[in-house]
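**Q** From first to last, the protein sequence lines stand for chains U and G. Residue 55 in the working numbering is what sits at position 55 of the first sequence, and the numbering runs on without skipping anything. Numbers given in the working numbering equal positions in the second sequence, counted from 1, plus 418.
Don't read these hints as lab results, they were simulated from the structure. None of these values were measured; they are calculated from a predicted model. Watch out, some of these pointers could steer you wrong.
To be verified - Some chain U residues near chain G, calculated using beta-carbon distances under 10 angstroms:
hint: 1; residue: 87
hint: 2; residue: 196
hint: 3; residue: 311
hint: 4; residue: 314
hint: 5; residue: 346
hint: 6; residue: 369
hint: 7; residue: 373
hint: 8; residue: 380
In this text, a Cβ means the ideal position worked out from N, Cα and C, and glycines have one as well.
There are 2 protein chains.
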Amino acid sequence: MSPDIPIAELASRAKDAARVLATVDTATKNHALVTAADLLEQSRSRLLAANQVDLEAAASVGMSATLMDRLRLSDSRLEGMASGLRKVAGLADPVGEILSGWVVPSGLRISQVRVPLGVVAIVYESRPNVTSDAAGLCLKSANAAFLRGSSSAINSNLAIAEVIREAYQQAGLPADALILLANTSHEAAAEFMQLNGTIDCLIPRGGPGLIASILENATVPYVIDGDGNCHIYVDASADLQMARQILVNAKTQRPSVCNAAESLVVHSAVASEFLPLAAADLEGVELVGDPEAVAILGTERISPATPADFATEFLDLKLSVKVVDSLEDAICHVNETGSGHSEAIITADLVAADKFCNEVDAAAVLVNASTRFVDGEEFGFGAEIGISTQKLHARGPMGLQQLTTTKYVVRGEGQVRG
Amino acid sequence: MSPDIPIAELASRAKDAARVLATVDTATKNHALVTAADLLEQSRSRLLAANQVDLEAAASVGMSATLMDRLRLSDSRLEGMASGLRKVAGLADPVGEILSGWVVPSGLRISQVRVPLGVVAIVYESRPNVTSDAAGLCLKSANAAFLRGSSSAINSNLAIAEVIREAYQQAGLPADALILLANTSHEAAAEFMQLNGTIDCLIPRGGPGLIASILENATVPYVIDGDGNCHIYVDASADLQMARQILVNAKTQRPSVCNAAESLVVHSAVASEFLPLAAADLEGVELVGDPEAVAILGTERISPATPADFATEFLDLKLSVKVVDSLEDAICHVNETGSGHSEAIITADLVAADKFCNEVDAAAVLVNASTRFVDGEEFGFGAEIGISTQKLHARGPMGLQQLTTTKYVVRGEGQVRG
């Protein structure tokens with residue numbers, strides 16, 4: 001993909017490829033995915049060399065060690081990309097599933113059939129493995145993948161995309177089933193996000209800056225993978241031992257991800273017993289809390305929280321703590337400060353569990369389980385393109401099904417409307 | 419609703435009402451709908467008087483007879499509004515439906531539950547009956563309705579909204595489950611469309627000008643009820659008698675609606691036999707066609723079509739005609755010129771029917787039936803808020819289900835992620 005090809009031409013090629021993909025059978029798609037996995041493994045030196053160019057450029061501009069690590073390809077990461085493609089080949093094909101079917105009084109037979117979206121655009125940040133992950137999910141769901149990665153990974157991304165395009169051609173599919181934007185300018189990104197009539201769905205994979213840019217610039221339909229300001233609410237009736245284990249897991253098992261807990265809400269009936277235990281469990285985690293929490297734990301262990309703390313996704317070893325006097329107050333606090341991602345209650349009380357599940361407005365509500373379970377793999381979707389925090393189209397973990405739309409097929413014998 | 423109340427305050431009230439509605443039981447919602455129907459009937463003179471103010475203002479600015487007719491309330495229209503609300507009361511409640519449920523290897527029990535969207539905004543044009551129709555569908559799906567009608571109908575709309583709000587209060591529900599924007603300025607409309615964080619879904623009901631305004635101004639999530647440039651394709655194997663009946667029905671039964679046919683595509687093998695019959699059936703319908711169609715029918719009956727004609731939703735007694743040499747050409751023409759609404763093939767050939775259904779990219783594809791059947795009532799949804807031509811969230815006729823989202827409920831016994 002030369003950076004000189006106009007975006008409009010790339011868009012048209014993606015659209016043509018999408019038309020072809022829409023009617024390709026499952027075996028051909030799976031064969032293409034396995035071929036791509038094989039070819040990625042066989043192209044090890046070519047891919048690592050391209051990645052080296054990106055790494056050197058990154059080093060020369062002083063990129064941080066964390067970002068350099070994200071950018072780096074290795075044998076094991078290439079194997080991970082290949083095995084990811086093979087895994088997607090093994091998943092059920094979502095296309096053609098009949099969601100429902102019925103006969104209406106006019107005699108028409110109606111069925112609602114799952115079909116691909118068409119052209120799926122994904123804008124992502126520095127990890128080059130997203131190139132193959134996104135390509136695989138799009139191909140299996142019969143969508144053309146139209147990708148825009150970051151400029152820092154452009155050589156790696158282009159090399160990966162070229163290998164996958166070769167594999168698609170070898171498998172008899174159009175290479176344009178995967179198009180990577182080689183022009184990484186901001187102007188090109190803005191033009192990309194406004195390809196109405198071409199891009200059927202845009203999915204960002206990245207941080208708050210990228211999301212803000214989508215919200216500001218995109219005119220095409222999109223699904224936002226938003227913040228996760230997730231709460232663990234420890235109810236008056238909670239098994240405190242269970243609550244401690246879940247809290248530690250949700251906060252510390254992987255603090256940098258969206259389904260990690262950012263806030264602890266405790267019922268006042270158990271706060272003085274629970275908080276000191278939790279604070280000890282969470283050694284190394286910075287705590288900020290409301291006056292009640294500070295009174296219980298003391299200012300050596302916890303600092304006073306600002307209102308902004310309760311609305312912040314720390315993505316770090318930091319936790320806000322709030323003491324409430326009732327389940328109602330807990331629900332109100334979660335709805336006001338949460339981001340609608342994943343919210344958990346720890347309780348032994350059935351009525352409290354049901355009330356929390358019914359009244360908390362989030363993509364996922366959990367009873368007696370860690371928020372860390374809210375992802376496509378743990379939900380059994382086999383793969384995940386992101387976790388939607390919006391309410392339209394897809395809400396929660398997005399797998400292959402969320403990369404599809406539906407079509408009504410109506411069969412008659414000459415019916416006309418009276 | 420005074421026009422002086424700031425929009426932000428109205429938004430906050432709608433959001434509070436939505437929280438209450440989310441857990442209201444079905445019987446209470448149905449009782450509120452029936453109460454609203456009764457109260458509309460009992461408020462006949464008050465509603466007609468308010469409507470008279472709008473009609474006089476419209477007459478004084480020279481509104482066309484067609485638009486005046488749309489604006490006019492009458493006894494029978496009020497009865498229609500009341501019976502519409504009673505009908506919605508009789509429909510199944512979509513909220514709480516469990517779409518799927520499963521157990522994952524970690525032992526977590528996951529279910530996907532249908533829940534309300536929250537605040538549904540509807541922007542609509544002159545027909546005042548949309549006020550009660552939209553209110554009813556939103557209430558049954560447990561959403562707060564936040565409405566913005568046209569300035570020409572403001573007195574009628576405010577009177578209808580006040581009556582329904584009174585009924586909600588009598589039934590024990592918050593009056594703010596229905597909020598009508600009394601400020602009909604363009605500035606207020608623009609502010610309304612950008613109430614991010616309040617409006618969960620915006621649905622326009624109106625013409626191309628309104629749709630364009632949404633696309634340009636709205637920052638909240640929306641579902642577009644778009645154009646219907648619908649085709650009838652008469653295949654080489656079609657029963658021509660059936661094709662004639664379907665074509666006449668699709669074109670003339672109600673030419674002003676989005677599921678009416680705007681274009682006829684005929685296979686060249688039957689064009690010379692079919693077109694003269696169709697042209698005679700369609701007496702009074704203006705025809706424009708490609709050179710082949712003009713050669714068959716003659717310039718007295720059909721004019722040469724411009725490329726724009728094939729892309730136009732006439733919404734009138736006008737039809738474009740195209741002759742194709744193959745099913746493939748027909749599919750290509752439909753995909754290139756259609757708006758993705760409803761597309762029909764008339765054929766006796768099973769392979770052709772399946773190919774058309776698979777390859778035409780539209781919300782609904784029909785075999786041997788009139789495109790006029792593509793609406794919520796005919797599909798058995800009981801009521802319709804619109805017909806979506808977009809691919810995300812909802813595609814095709816939208817009933818109560820399309821006014822909902824889902825939530826994952828995850829139940830465990832203390833599971834933590836390894």
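**Q** Now tell me if each hint is right for this structure.
**A** How the hints compare with the structure:
no., hint, result
1, 87, "violated (16 angstroms)"
2, 196, "holds (8 angstroms)"
3, 311, "violated (12 angstroms)"
4, 314, "violated (19 angstroms)"
5, 346, "holds (8 angstroms)"
6, 369, "holds (3 angstroms)"
7, 373, "holds (6 angstroms)"
8, 380, "holds (5 angstroms)"
In summary, the structure is inconsistent with hints 1, 3, 4 from the numbered list given earlier, while agreeing with the others.
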